[in-house]
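S.K.: With the sequences and hints as input, model every part of the structure.
In case you want the letters, here they are:
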Amino acid sequence: MADSVLVIGGGIAGIQAALNLADKGIHTYIVEKLPTIGGHMALLDKTFPTNDCSICILAPKLAECSNHDLIDILAYSEVLSVEGKEGAFKVKIKRKARYIDEEKCTGCEDCARSCPIKVSNEYNLGLNMRKAIYIPFPQSVPRIATIDASVCMHFTKGKCGVCKIKCGAGAVDYDQEDEIVELEVGSIIAASGFEVFDPKEMTEYGYGVYKDVVTSMEFERILCASGPTAGRITRPSDGKTPDRIVFVQCVGSRDPKHGRPYCSSVCCMHATKEAMLVREHDEHVETCILYTDLRAAGKGFFEYAERGKKDYGIKYIRAKPGRIVRDESSGELEVWYEDTATLKVSRMKAGMVVLATALVPSRSTAKLAETLGVELDEYGFFRSPDPLLRPVDTTRPGVFATGYCESPKDIPESVAQAGAAALRASRVVAGVTA
Amino acid sequence: MEEEVRRIASDILRGGKVAGVLGLRREHGQVGPHLFTKADELGSLVLSPKHSLAKTVVMLTPRKKRLGIVVRGCDERALIELSKLNQVTLNDLEIIGITCSREQAEECGCAVPYPSRITVGEKVEGVEDPLKVKLLAMTLDERNGFWREQLAKCQKCYGCRNACPICVCRTCEMEQMMWVPKGALPPEMPTFHLIKVFHLADKCTGCGECVAACPVDIPLKTLQLMLLDDMAALFDYDAGIDEGPSPFLTSLEECPIKEAQHD
Amino acid sequence: MADQFEPKILAFCCNWCSYAGADLAGVSRMQYPPNVRVVRVMCSGRIRPEAVFKALSNGIDGVLVLGCHIGDCHYLTGNHRTAKRMLVLEKLLDHLGVDPRRLKVDWISASEGEKFSRTITTFTEQIKKLGPANGGAHGRRG
Amino acid sequence: MSEETPKSPPRIGVFVCHCGKNIGGVVDVPSVAKFAEGLPNVVFSTDNLYTCAEDGLTCIKDAVVKHNLNRVVVASCTPRTHAPLFMSAIEEAGLNQYLFEFVNIRDQCSWVHMKEPEKATKKAMILVEMGVRKASLLEALEEKEIAVEPSALVIGGGVAGMVAALGIADHGFQVHIVEREERLGGLIGNIEKVYPVKRAASSVISDLERAVRASPMIEVHTSSTVKDAKGYVGNYDVEIQNGGASTFHRIGAIIVATGATEFKPEGMYSYGEDGRILTQLELERQMREGKVDGVKSVAMIQCVAARGEKFTYCSKMCCSVAIKNAIELKTKQPAIDVSILYNDIQMPGEALEKVYTDAREMGIKFLRFPLKARPQVVADGGLAVRFFNESLGADDELRPDLVVLSAPLVPREGAKELSRMLKVPLGQDGFFFEAHVKLRPLDFATDGVYLCGTAHGPKGLQESISQAMGAASRALIPLSNGKVRGEAAVAFADEATCIGCGNCVKVCPYVAIDRVERNGRFVAVVNSALCKACGTCVPACPSGAMTQKSFTDSQLLEMVDAVSQEEA
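Chains as they are written, first to last, in the working numbering: chain A, 1 to 434; chain B, 435 to 697; chain C, 698 to 839; chain D, 840 to 1407.
No wet-lab data here; the hints were simulated from the structure.
Where hints are given, some of them may not hold.
Calculated lysine to aspartate or glutamate pairs in the EDC-like style (CA-CA distance at most 16 angstroms, straight line) [stated by the list, open to error]:
| hint | chain 1 | residue 1 | chain 2 | residue 2 |
| --- | --- | --- | --- | --- |
| 1 | B | 484 | B | 436 |
| 2 | A | 166 | A | 178 |
| 3 | D | 1193 | A | 255 |
| 4 | D | 1345 | B | 663 |
| 5 | D | 1193 | A | 377 |
| 6 | A | 200 | A | 286 |
| 7 | A | 94 | A | 179 |
| 8 | D | 1103 | D | 1113 |
| 9 | A | 320 | A | 332 |
| 10 | A | 33 | A | 72 |
| 11 | D | 1037 | A | 195 |
| 12 | A | 344 | D | 1113 |
| 13 | D | 1211 | D | 1229 |
| 14 | B | 568 | C | 791 |
| 15 | D | 1345 | B | 664 |
| 16 | D | 1149 | A | 306 |
| 17 | C | 788 | B | 528 |
| 18 | C | 788 | B | 687 |
| 19 | D | 1193 | A | 378 |
| 20 | D | 1037 | D | 1167 |
| 21 | D | 1130 | D | 1240 |
| 22 | A | 310 | A | 339 |
| 23 | A | 104 | D | 893 |
| 24 | A | 96 | A | 178 |
| 25 | D | 958 | C | 703 |
| 26 | A | 104 | D | 1240 |
| 27 | D | 1211 | A | 306 |
| 28 | D | 1066 | D | 1078 |
| 29 | D | 1149 | A | 378 |
| 30 | D | 1066 | D | 1076 |
| 31 | B | 692 | B | 664 |
| 32 | D | 1345 | B | 688 |
| 33 | D | 1169 | D | 1240 |
Which residues of chain C face chain D? A few of them, derived with a C-beta cut under 8 angstroms, are [said to hold, decoys possible]:
| hint | residue |
| --- | --- |
| 34 | 719 |
| 35 | 722 |
| 36 | 726 |
| 37 | 729 |
| 38 | 740 |
| 39 | 744 |
| 40 | 745 |
By construction, the Cβ of each residue, glycine as well, lies at the ideal position given by its N, Cα and C atoms.
M.R.: In structure tokens form, the structure reads like this:
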């Protein structure tokens, strides 16, 4: 009987499930495909409905995972195979080579400063550049460098070795190889999260054509003090502060034709928060949210949206834009929309447009489900045989799913449900059978 | 007025409402606190000179029986503050509230020369502390010069603290080496005084006992009064009058800051 | 001419937000004047106003009290008390004739390295303009 | 681990780190180490290329032994990442891990003063002096442990309560469920069907109740209330009252699952004036009893009393309840005309959205009204619902046979009393208020008490069940460990100095301080297992009786003095 648990995914749901288990005395592994744990929450500037600073409340959790005697973090790793059954799984994991000696790296980033290769920075959603050797963000856990071999000159051209020279700790190791580790665990929790629906295919919104049309996650980075603009609200095209920012809801959500029929659950509050932050940063910028139904049902959410209207002057219009065009002479965007309350077609100028794109199960979720041997539902979320009474169960005993990959939900719901997954997993490890 | 107070004290004593009445007694030409337990002693009960009985109540707390007490405005405020500090139990006190005359108010520079519950006497308007008005009109440097000069006179006698009706601590930080080095005169400026001033920022009753006790006439009360005005302006809070907790003990939801300050 | 006045600046930082913000300024190599000395406490609610005026009266020229933004306090409402206590302390300094600009209370989150650096820079500039506390006469060894 | 504060005078070792070039490239590290050597109580000082590397740690451990060090100061990066490493190193060398002070000369010195190496070096020296002066006064600390009674109390026998109880009992702990009513089931016991899974509510409850009754670890107290609960995490003394009789139990953890109830909108929308104006819950009963079979048209009104009418909040589940009942009516009598008057439809997620789509496809009408002008119901012999129809942009009127009001969930009576008894807060909406809205939705700030289901706020059954399992998981942390371990740098009240004013009790966010009678007078006593080490109580104390360990006034003032005495 294996008495460890494997958590797949190091976002807030995975972290919380792991802490819940480890705090109970159960040894837990967190496998994360990226070089750091933290997930999407690490990318958020603030969180609704309290406007808490996201990294301020998350970073202590990351550190807690890293310092916990009973948690082993396998970042930059992937699950290759799962064999065995409930209570006795054998899991093969690939630890991708970082080309860095984890023991030696001090996280000083001397290497990154001198690296000559710049590539698009996925942590800032491509809004600025990172180096080929990098630490994703300042609060990364583990805080060690990773060489992106796909772009590093040493690997692509066989030249350059600057990072190795600059590293005072002697941590750079170009000869490092991927490593396969085998774990024995009693139970597995999948917490693979979501990814943002790519709105390029909805050509009417001009995403990918007009630089000033951004997704809400991209805009989150623009708002964030540690983001590409250091929290200044400037638009990507010309660095000017826009006069008005228009938020478009349900981009790819509740839209069976183009995207997903379901409601992504968090976007209305997300847009409300971002609009509030805009007004906090610069009260001269107008904000307007074009929505279908204002989904503000969670605890304190309706009050939050009311505050957005009253105290922050956010304008809410029930409307669905037909198209977004750019006036080439002024550089301003124009949003054409039908006001679904009045059925009138109107247009509105916008310095920037923020698309509340649907959140969909992450691409790796489908592959993960296959590896785990469990079923997904029609939209790609994990399916429970009894969604009411066993919401975190999957179709394979001993394997559980929690967080956004189980179904759309916000952070507190993910945290609560992570506890549920930990409960189910600890029951397996404790030897209680259904 | 004295007669009226004696009559009320006598009534509550005889009626068995209280086990004793705390007041001032004149005996052999001396006036001091006394717990009158028999109605026939009350002939010696006097109202002046002004003397705070609040600390005496603290010494008599906790007790089983109710107690009557003769209080002026500042005494009542002291009792309210002491009750918030859990040093007296207001419910166990039968308060005989008396007003001060205009002359008395002027003598003390008192803005509120009456208790909230007046048993005997007529309420008169209070006076503004003249020094406060003067200080507020000064420039920063002038004020700084004024206080430097005043505090430099300090003999470190602790009279201000000993006389204060609210200073009830068993040990005092003004006497702690880490805050105020021993042996130096004048004491470390202005830390020595500010420890007391800040501790009383939300509690001072404006009674003026500290000034009366000071052998070198440092007008500490004025500093205290300026802070009381701030507490009222910032938090709508009046020490000694509001019976709720001090703003320092509450969250911003429970008691917000009135002026927009700090981001 | 005497050397330019280099003020002594003390910053009380809470462990969870402002100290983390200071670390972020470091990680991001945001340069600021070296006059500041940080004292770490777990929560800004731990900072005693008495310690602030003791510092100011003993030759420290400016004091920063830095906590989490209101609502972000790791200990729920610790900084609510800081906000109120320090506000009254500012008033007290003013009444005493000490320029209240020598005390600055601000909220800096763990992601605001830039704000930390900016706060230290502008505060140091301001204290330089105000000149030495206590006329430079008190409590200095040299 | 060593628990004793060394009695001998401080013997401090200082280790200054180069961090490769990160510190050493700016700060003159050897000079800083040399400067430290001259500070009072310092008996050993050195510099390391990487203090955090294996040889650096060995250097510390060896020096502790060789020089008989009883305090250690490391000047390097940030305590936020590296303190645990150095603390465990000195503990391995036999010192209490809290006899350690961290000085940050990288993130807050060399990295931010890269162009001013001399000033950075001087600053590093003062920072080290501050650390050394504080270290001289450090004391050995311990994280206090308290034993946890292996049993739980679940207050509320609804679905959430039963799920939570089963989760805990499954792990081998005794659970008491206390339910005010005669039977288990709570609010769900009054409804017919659960959506979106479309399962009979009675089967959900009977399944759970069967499991609860079968569990040897669960004791069910129906028609009972919690009369009293005293104590703290791991050690509650609970009195459960049934009729006139009381039983007493030792409890380790408590879960609040008291649920919510449907608001009866008396005096609004003509409710109570006409038997054909019902709430959703009343409609469900009538449907069960077959009383609505002949009804030809139904109008449902959403957001009754909610979203700013009487209550500020959105009740979250009323949209799905209304749509569920509309579908049930329509399924039974396809000819029935059902209109739902709404403002915003709240059907988040995949399954609910599908139900909403189904409802529209079945011909259920959705008519939107603005919140500013809510519908009016007039009982004038018939029934009239007048409202502003947003899609028509005009006033509209329906004349249904039945009006159904979707009223919000409100907290159960007794929530206030319970909140006082357990010392846990209620929010402005009257629901229980969690420790942190985002990351601690099921905890209270007070350790050992947890929260789930609609006691926390309106929500659907699925979410309540997830929360119940989550709350059980939280409660199992102290239960499984059999102990809780507190913080080390806790507050401490000196009983001799304390005047018992209770200011500290008022400011403590964790209810960790009690005012208790000792030798005839009241003093503050900190429960160091509950104290979270913020120190907010210290400035609230008027008499200097309150101290925070590791951040004492004298330690902090030493640091302040080091700066004020620094040579200009």
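S.K.: For the pair we were handed, residue 344(A) and residue 1113(D), check the Cα-Cα distance against 16 angstroms.
M.R.: Cα-Cα ~40 angstroms, so violated.
S.K.: Would the pair residue 958(D) and residue 703(C) pass a check requiring their Cα atoms to be no farther apart than 16 angstroms?
M.R.: holds, 11 angstroms
S.K.: Hint check: residue 1169(D) vs residue 1240(D), CA-CA at most 16 angstroms. Holds or violated?
M.R.: Holds, because 15 angstroms separates the two Cα atoms, which is no more than 16 angstroms.
S.K.: Take a quick look at whether residue 1149(D) and residue 306(A) sit within 16 angstroms of each other, Cα to Cα.
M.R.: holds, 15 angstroms
S.K.: Have a go at the residue 740(C) hint: is there a Cβ in chain D nearer than 8 angstroms to its own Cβ?
M.R.: holds, 4 angstroms
S.K.: Would you check the hint for residue 568(B) and residue 791(C), treating anything up to 16 angstroms between C-alpha atoms as holding?
M.R.: holds, 14 angstroms
S.K.: Hey, residue 310(A) versus residue 339(A), does the alpha-carbon distance stay inside 16 angstroms?
M.R.: Distance of about 21 angstroms is beyond 16 angstroms: violated.
S.K.: Given the hint that residue 33(A) pairs with residue 72(A), does the C-alpha gap stay at or below 16 angstroms?
M.R.: holds, 14 angstroms
S.K.: Hint validation: residue 744(C) versus chain D, beta carbon distance must be below 8 angstroms. Holds or violated?
M.R.: Result: holds, 7 angstroms to nearest chain D Cβ.
S.K.: Holds or violated: is the Cβ of residue 722(C) closer than 8 angstroms to a Cβ in chain D?
M.R.: holds, 6 angstroms
S.K.: Are the Cα atoms of residue 1211(D) and residue 1229(D) separated by 16 angstroms or less?
M.R.: This hinted pair holds, its Cα atoms lying about 12 angstroms apart.
S.K.: Are the Cα positions of residue 320(A) and residue 332(A) separated by 16 angstroms at most?
M.R.: violated, 19 angstroms
Figure legend: structure checked against the earlier numbered hints; hints not met, in rising order: 2, 4, 6, 9, 11, 12, 15, 17, 18, 22, 26 and 29.
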